[in-house]
Amino acid sequence: MEQIRILLVDDEEHIRLLFKEELEEEGYSIGLASNGFEALEMLKVGEFDLVVLDIKMPGMDGIQTLNEIKKVNKEQRVILCSAYGEFKQDFSSWVSDAYVVKSADMRELKDTIKNVLGV
Amino acid sequence: MNFANTLGKVIDISHSNLEIASRINAILNIVSGDLLFEEVLVYTLDKDRRLSCRFMNRSSRLFDLLNDYRSHVGEGVVGTVAQKRSPLFFTSRDVPPRLGCLFYAGLDDVLPRYRVFAFLPLADDSFLYGVLLAGSSSKEAISSDEKVVLSILSRELGGILRTYDLLLSSKKQITELATLSELGRILTSTMEPHAILENIALITAKTLNAWFATIKLDLAFIRFDGQRFTSGTIASPMEGQVLDLENEALRLGQPVFRTDARIGEGSSAPPLFLFAVPIVAKDRILGTITLCLKQEEQRDIADDQGDRYLVNMIANYISSGLENVLLTIKLRDALRELGDAQRRLIENEKMRSLGEMMANIAHEIKNPLVVIGGFTKRLAKTARLDENEGRYVDIITKEVARLESILNEILNYVKEAPLLFELCDINNLLDEILYLLASDKTWAHIKITKEYDAHLPFALCDVQQIKQVFINILMNSFEAMRGKGTITVGTEQTTSEEKPFLAVSIKDSGGGISPAVMDNIFNPFFTTKEKGIGLGLAISNKIVTHHGGDIEVKNKPGEGALFVVYLPSQSRTTKEG
Ligand SMILES: Nc1ncnc2c1ncn2[C@@H]1O[C@H](COP(=O)(O)OP(=O)(O)OP(=O)(O)O)[C@@H](O)[C@H]1O
Ligand SMILES: [Mg+2]
Ligand SMILES: [Mg+2]
Numbered sequence: 009m010e011q012i013r014i015l016l017v018d019d020e021e022h023i024r025l026l027f028k029e030e031l032e033e034e035g036y037s038i039g040l041a042s043n044g045f046e047a048l049e050m051l052k053v054g055e056f057d058l059v060v061l062d063i064k065m066p067g068m069d070g071i072q073t074l075n076e077i078k079k080v081n082k083e084q085r086v087i088l089c090s091a092y093g094e095f096k097q098d099f100s101s102w103v104s105d106a107y108v109v110k111s112a113d114m115r116e117l118k119d120t121i122k123n124v125l126g127v
Numbered sequence: 017m018n019f020a021n022t023l024g025k026v027i028d029i030s031h032s033n034l035e036i037a038s039r040i041n042a043i044l045n046i047v048s049g050d051l052l053f054e055e056v057l058v059y060t061l062d063k064d065r066r067l068s069c070r071f072m073n074r075s076s077r078l079f080d081l082l083n084d085y086r087s088h089v090g091e092g093v094v095g096t097v098a099q100k101r102s103p104l105f106f107t108s109r110d111v112p113p114r115l116g117c118l119f120y121a122g123l124d125d126v127l128p129r130y131r132v133f134a135f136l137p138l139a140d141d142s143f144l145y146g147v148l149l150a151g152s153s154s155k156e157a158i159s160s161d162e163k164v165v166l167s168i169l170s171r172e173l174g175g176i177l178r179t180y181d182l183l184l185s186s187k188k189q190i191t192e193l194a195t196l197s198e199l200g201r202i203l204t205s206t207m208e209p210h211a212i213l214e215n216i217a218l219i220t221a222k223t224l225n226a227w228f229a230t231i232k233l234d235l236a237f238i239r240f241d242g243q244r245f246t247s248g249t250i251a252s253p254m255e256g257q258v259l260d261l262e263n264e265a266l267r268l269g270q271p272v273f274r275t276d277a278r279i280g281e282g283s284s285a286p287p288l289f290l291f292a293v294p295i296v297a298k299d300r301i302l303g304t305i306t307l308c309l310k311q312e313e314q315r316d317i318a319d320d321q322g323d324r325y326l327v328n329m330i331a332n333y334i335s336s337g338l339e340n341v342l343l344t345i346k347l348r349d350a351l352r353e354l355g356d357a358q359r360r361l362i363e364n365e366k367m368r369s370l371g372e373m374m375a376n377i378a379h380e381i382k383n384p385l386v387v388i389g390g391f392t393k394r395l396a397k398t399a400r401l402d403e404n405e406g407r408y409v410d411i412i413t414k415e416v417a418r419l420e421s422i423l424n425e426i427l428n429y430v431k432e433a434p435l436l437f438e439l440c441d442i443n444n445l446l447d448e449i450l451y452l453l454a455s456d457k458t459w460a461h462i463k464i465t466k467e468y469d470a471h472l473p474f475a476l477c478d479v480q481q482i483k484q485v486f487i488n489i490l491m492n493s494f495e496a497m498r499g500k501g502t503i504t505v506g507t508e509q510t511t512s513e514e515k516p517f518l519a520v521s522i523k524d525s526g527g528g529i530s531p532a533v534m535d536n537i538f539n540p541f542f543t544t545k546e547k548g549i550g551l552g553l554a555i556s557n558k559i560v561t562h563h564g565g566d567i568e569v570k571n572k573p574g575e576g577a578l579f580v581v582y583l584p585s586q587s588r589t590t591k592e593g
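For the protein sequence lines, the chains are W and C, in the order given.
Read the first sequence against this note's numbering and you will find it ends at 127, with the numbers running on by one and no gaps.
Read the second sequence against this note's numbering and you will find it ends at 593, with the numbers running on by one and no gaps.
Extracted from the complex, chain W is given alone in its bound form:
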């Protein structure tokens, strides 16, 4: 069975490292991007089953990145993963497939990923 590929977008290096290790442990193959532009570039060259997207990032924030991604590919599945739930009220975040609040406890993120991927 082919490995599921997830693109992890976050401006904080340690978050990327933590999420990568945790998700690889779940059997996913992880690609990393540290901002929105990088993420869009990577999506052009490679296919990802899912993007896990931070919101607060310098330059292009997660919501803008989300919109760009969906413009190119409406089918691309994206989970917004922010430190806070406040962006849930931002209508433009609704085009994402899910919204998870970052936590040291990764269970919610992992469950949500499974849900969105339908596995």
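Hints in this document: simulated from the structure, not taken from any laboratory.
Note that beta-carbon positions come from the ideal geometry of N, C-alpha and C, so glycine has one too.
No incorrect hints appear here.
Below, a list of computed lysine-lysine pairs in the BS3-like style, where the Cα atoms sit at most 27 Å apart:
| id | chain 1 | residue 1 | chain 2 | residue 2 |
| --- | --- | --- | --- | --- |
| 1 | W | Lys118 | C | Lys414 |
| 2 | W | Lys64 | C | Lys393 |
| 3 | C | Lys393 | W | Lys118 |
| 4 | W | Lys28 | C | Lys397 |
| 5 | C | Lys515 | C | Lys466 |
| 6 | W | Lys122 | C | Lys393 |
| 7 | C | Lys397 | W | Lys122 |
| 8 | W | Lys28 | C | Lys414 |
| 9 | W | Lys28 | C | Lys393 |
| 10 | C | Lys163 | C | Lys25 |
| 11 | C | Lys414 | W | Lys64 |
| 12 | C | Lys570 | C | Lys558 |
| 13 | W | Lys118 | C | Lys397 |
| 14 | W | Lys122 | C | Lys414 |
Derived Cβ-Cβ restraints for the label pairs, each shown as a range:
| id | chain 1 | residue 1 | chain 2 | residue 2 | range |
| --- | --- | --- | --- | --- | --- |
| 15 | W | Gln72 | C | His379 | 16 to 24 Å |
| 16 | W | Asp105 | C | Gln480 | 16 to 24 Å |
| 17 | C | Glu403 | W | Glu116 | 28 to 36 Å |
| 18 | C | Ile377 | W | Glu116 | 17 to 25 Å |
| 19 | W | Glu29 | C | Arg407 | 22 to 30 Å |
Model the placement of chain C with the ligands on the given structure of chain W, informed by the hints.
This is chain C with the ligands only, laid out in the frame that chain W set:
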């Protein structure tokens, strides 16, 4: 006998600046000594025009007997002389004169000792001031020379009495003026309004020598702590009478009085005089001023000239000043309200900037926290740790989780979610919440009593948020009761400013909120609990306020707390509607 000498002495004295009573007494002594009368007495007219024996010569014996009795003009010998304004003389050959109209106990034994009596009116051309009585036991008759001397004397005495009268009335005018000027000073002072009113009561009571003076304001339009200002004490049996009289004065818009007021039940208590005067400003009655006087004073009050006139004058005088005072109060109230509003505004502003700051800090903290917690968990999974190390890692993980939840709450508090309004059956919602909470085994010994209004209208609200409110309050009750007690949840319809509201009350038996912290419980991060965050009520309050409602706390220290949540309701929407 040298009459000229006697008259000379009398005139000297009458023109001296001795005090008036002393002048009269000195003259009576001279007459007694020089003209050989053992009794030389002066009757004067009281305010109610009755004659009473007021002055005497040094050796008088009759004075004590006559002094008790007052006779009307026209009554008895003294009264007749006064009425006719002409002298009467008696000798032992005449029938012994009856001095008043009635029989004096003791007088009958004494009178036969005297052989002559002279009664002379004390008057000037227009007024009668009193009657002179002279009696002697050594004379057979009164000579015509003596009569002339006595009549000159009586004119002189009349003159002195007139001065006395003038002096009294000017004294009274001075008192009045002094009272009014004192009142004026107070009314225009910068004293607190209640101090002004208390002072007015005090001055009025003092001037009129009253048991008490009480000012009652009858003003619906003004907020005033305590509408009554009293100098002296209103004995409790009298309170009702005072109130009745005040109401009558208000109703009639004119002074009313009663003479049968009593302090005690028994007949031994002397009747008192109650007098209530409305305080009338330009277009309305501001209240009443009521006085309680001893009965002797009643005589003055009852006639229009005396103290009653003074009370009316005081009432008139204070009414205009009082209006200014009341306007000042109104102004002050308005200013205070303005100040409150301003303070609230600043408070809100402060909270907002504090909120923004907190949000920023929280943002900065959350990511590192996730990293710390996340890697600690990984450490726990992958590293071989001994028992102690395992516990440490566990503690770090738990503390991180706690910090995370604090940060989440801060941001929930700071960021206002827009409301998603829907019609909500609050009774149902409460049932749902209570079912949920009570199914936890820690609630096993919590008794829940429901007192619902079965016809409660719908509330238009954000159900998720309102649910949060009830859960917060119920959790607080639960926490206050330490696992055991009764929670009473009730709903009812009310109105506020004619708009329909529904009230949800949540009462517990958890001992209540300590009064010391009462003012703080709605402040964010105020908590008395070891594990509390102190946002429960702050958030609840914010949510309810956003809904246009209000949370009210009724606390019974030692018993429990009662929280009432008011939410706007659909006026006539029933469950079917
Ligand atoms: N029913 C109650 N009985 C007694 N004290 C109460 C009650 N409700 C609130 N309080 C007091 O008010 C304080 C503030 O309550 P609030 O719900 O805001 O915070 P908390 O319960 O301490 O913490 P949190 O709800 O955030 O976990 C409480 O700490 C407690 O002292
Ligand atoms: Mg970020
Ligand atoms: Mg609480």
